[in-house]
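So you can see what is in the structure, the chains are spelled out below.
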Amino acid sequence: MKLLEYQGKELFKNYGINVPNSYLAKNIEEAKQGSHRIGFPFVLKSQLTVGGRGKAGAILKCNNEKELVEKFEELINKEVKGEKPKTILLEEMADIKREFYLSLFLNRTKRCYSIIASSQGGIEIESVNNKVIIDLPDVNGISSELASEVADKMNLNNSEKNTFIDLIQKLSKLIYEKEAELAEINPLAILDGEKFVALDAKVIIDDNALFRHDDLKKYEELSELESQAKNNGFSFVELDGDIAIIGNGAGLVMSTLDMVNDAGGKAGAFLDFGGRATTESIYQALKVISKVDKIRVILVNLFGGIVRTDLVAQAILNAYNDNTIKVPVFARITGAESEKAQELLKNSKARLFNTVEEAINATVKY
Amino acid sequence: MSIKFDIFKILIGDETDRDYKNKPVIIQGMTGSFGSTHTKLMKDYGTNIVAGVTPGKGGQSFEDIPIFNTVAEAVESKSAQISGIFVPAPFFLSAAKEAIDNGIKLLVAVPEHVPIIDSIKILEYAEKRGARMIGPNTPGVIVPEIMKVGIMPAKPFTQGSTVVFSRSGTLMYEVSYTLSNAGYGQKFCLGIGGDPINGTNLIEAFDLIKEREDIESIVVVGEIGGDAEEKLADYIISTTFSKPVVAYVAGRAAPKEKKMGHAGAIVYGNYGSAESKVSNYSKANVPVAKRPGEVPELLKSKLKK
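Line by line, the protein sequences give chains A and B. Throughout the first sequence, residue numbering follows my numbering, covering 66 to 431 in sequence. Throughout the second sequence, residue numbering follows my numbering, covering 4 to 308 in sequence.
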């Protein structure tokens with residue numbers, strides 16, 4: 066779960082990391098209220114999970130109320146990389162003396178947490194040469210020795226250095242306690258008076274750990290379809306096209322997506338109902354897909370073996386019978402009882418195939 | 004870090020062992036619906052399941068397999084070194100720790116949705132005690148026609164001399180099935196797991212089998228996310244790995260920054276992208292199939308050379 070900037074900053078604040086004064090607004094009335102609290106000039110920051118907001122013009126300076134009305138309207142309606150904001154953050158201007166980069170993240174390759182710090186902040190870390198990367202030896206936090214090893218390389222005076230060490234330890238506490246995959250501050254700025262302030266916040270929480278973090282659940286923003294899918298234990302991703310792809314296993318569904326794409330089709334939904342394929346789970350998967358209006362045809366790719374194919378066919382039939390689905394279903398089903406499955410679906414809009422290639426061809430041509 | 008760990012010795016043993024091809028296995032979480040379904044399927048396949056563990060259900064039995072409250076009791080009589088873990092994700096950390104504390108050397112961690120920190124903790128714990136974890140979120144391991152620990156169906160797998168390592172469960176079945184149909188049976192198949200953190204990663208999996216002469220070729224089924232394939236390509240180059248390797252990578256058409264079902268299947272920028280994996284594989288002279296069905300052809304031409 067990727068937190069929005071203001072959510073990440075709320076967490077930072079709870080851990081004693083300085084953030085600028087700000088006000089969150091859903092509409093222009095709230096924004097006007099906020100402007101009285103913060104005072105012009107300030108910045109308007111669109112609350113989006115996608116990166117590159119600055120370049121996309123989703124962060125704007127605002128000098129007076131006239132500008133506020135115009136720019137708020139502009140930002141709240143502005144889509145960046147397919148995402149539209151629900152809120153805009155009003156944030157006080159920062160008088161930046163120096164900028165740094167600091168992050169702690171899950172290092173998949175090394176299977177540990179690592180820290181990256183640089184005395185060049187405010188730009189994408191990938192393009193920075195001068196950076197320190199240190200792997201953390203265990204999951205018990207970061208020692209002050211290790212933190213000072215990092216701080217030593219940041220060109221800081223003594224008092225700044227101590228603040229920086231403290232900051233690293235606060236951030237690592239946050240990472241471990243909240244089970245984040247990433248906590249990034251970029252830029253981390255020194256303002257007037259040697260104070261370090263987090264001007265941005267990028268935090269990703271481990272979805273699988275959410276069950277033991279009730280305080281973070283409020284940040285989970287699922288669409289109705291996503292939450293329906295989640296409640297059933299499915300993985301669901303909405304895409305641009307008009308073909309829904311359903312299967313048992315993430316890899317298999319991804320692979321089907323690739324093959325549909327190669328055959329000239331465009332997937333509109335990805336749904337993995339997991340290893341436990343039952344009549345009920347397949348029916349529920351079709352139910353989720355039925356809510357996606359743009360879907361013209363459903364492709365089911367099921368690797369059988371443990372599930373009986375006639376039970377799959379029964380699920381499809383049930384979904385037609387109670388009008389849950391109206392569009393054709395093309396399914397590749399291998400395994401036991403496939404003749405029985407064919408027989409069940411004989412008079413429906415569903416067709417069964419023995420190979421995935423045949424099922425994809427029929428789907429794309431439809 | 005790479006302790007000499009002979010997975011075949013643990014899974015099937017030596018010909019001189021009295022329990023050759025009949026090594027004892029325990030199942031943690033055997034009484035749940037998932038655990039019980041697959042315990043029966045594993046037993047039918049030939050796996051010697053000697054005990055189940057479910058706290059609070061000690062004294063009961065399932066399919067004539069005794070159930071105990073603790074791992075200590077379960078391993079007592081038969082000294083099992085293998086555990087198939089089927090407990091729900093929130094209980095994984097304590098179950099895995101208990102297994103390692105009681106002499107289990109190979110943990111097959113089936114549960115999906117294990118918190119990352121718990122996986123890292125178990126990884127550290129296992130490493131210090133000479134144990135190895137496969138998974139979490141793995142379909143398990145299978146030595147075709149001899150035994151399996153996990154949730155894979157039996158049908159796709161036949162005995163032979165190739166090996167399949169897969170980051171995806173169903174694709175492991177799919178690819179093994181196409182291989183079996185084309186006459187390429189498998190010596191061994193291992194699911195790496197779909198999580199960002201794997202107890203046994205691709206390089207370690209290669210290390211497990213690199214010296215075995217009865218293994219002719221390796222098929223690697225990968226997917227987008229992380230850099231396991233890139234690192235494997237580096238490893239193949241730097242160790243001048245000599246056995247033929249063929250790969251498949253799922254997720255070429257997946258959008259960026261979206262989790263595609265598996266917790267680990269996500270692309271950030273170019274990191275984790277299919278293009279990056281394919282281009283690194285090509286540097287290591289590993290052909291990459293466009294679809295699962297193409298794997299046998301690629302393997303055939305690779306074996307000819």
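Since the hints were derived computationally from the structure, they do not count as laboratory data. A portion of the hints provided could be inaccurate.
Stated by the list, open to error - Listed next, the stretches of chain B that the computed footprint assigns to chain A, with coverage defined by at least 3 CB atoms under 8 Å from CB atoms of chain A:
# : region
1 : 110–118
2 : 123–131
3 : 159–172
4 : 196–205
5 : 216–230
6 : 238–247
7 : 291–300
Claimed, not checked - Here are the simulated lysine to aspartate or glutamate pairs, DMTMM-like style, with alpha carbons at most 20 Å apart:
#  : chain 1 : residue 1 : chain 2 : residue 2
8  : B       : Lys81     : B       : Asp17
9  : A       : Lys175    : B       : Asp17
10 : B       : Lys124    : A       : Asp203
11 : A       : Lys411    : A       : Glu423
12 : B       : Lys259    : A       : Asp200
13 : A       : Lys162    : A       : Asp203
14 : A       : Lys120    : A       : Glu164
15 : B       : Lys124    : A       : Glu164
16 : B       : Lys259    : A       : Glu225
17 : A       : Lys175    : A       : Glu148
18 : B       : Lys262    : A       : Glu148
19 : B       : Lys261    : A       : Asp200
Unchecked claim - Partner residues are not named here, just some residues of chain B that face chain A (Cβ under 10 Å, in silico):
#  : residue
20 : Glu233
21 : Ala257
22 : Tyr271
23 : Tyr274
Just so you know, even glycine gets a beta-carbon here, dropped at the ideal spot from N, CA and C.
Each hint, compared with the structure:
no.: 1; hint: 110–118; verdict: holds (count 4)
no.: 2; hint: 123–131; verdict: holds (count 4)
no.: 3; hint: 159–172; verdict: holds (count 5)
no.: 4; hint: 196–205; verdict: holds (count 5)
no.: 5; hint: 216–230; verdict: holds (count 5)
no.: 6; hint: 238–247; verdict: violated (count 0)
no.: 7; hint: 291–300; verdict: holds (count 4)
no.: 8; hint: Lys81/B - Asp17/B; verdict: 17 Å, holds
no.: 9; hint: Lys175/A - Asp17/B; verdict: 33 Å, violated
no.: 10; hint: Lys124/B - Asp203/A; verdict: 8 Å, holds
no.: 11; hint: Lys411/A - Glu423/A; verdict: 18 Å, holds
no.: 12; hint: Lys259/B - Asp200/A; verdict: 26 Å, violated
no.: 13; hint: Lys162/A - Asp203/A; verdict: 35 Å, violated
no.: 14; hint: Lys120/A - Glu164/A; verdict: 18 Å, holds
no.: 15; hint: Lys124/B - Glu164/A; verdict: 35 Å, violated
no.: 16; hint: Lys259/B - Glu225/A; verdict: 38 Å, violated
no.: 17; hint: Lys175/A - Glu148/A; verdict: 32 Å, violated
no.: 18; hint: Lys262/B - Glu148/A; verdict: 16 Å, holds
no.: 19; hint: Lys261/B - Asp200/A; verdict: 26 Å, violated
no.: 20; hint: Glu233; verdict: 9 Å, holds
no.: 21; hint: Ala257; verdict: 6 Å, holds
no.: 22; hint: Tyr271; verdict: 9 Å, holds
no.: 23; hint: Tyr274; verdict: 9 Å, holds
Hints 6, 9, 12, 13, 15, 16, 17, 19 from the list above are not met by this structure, while the remaining hints are.
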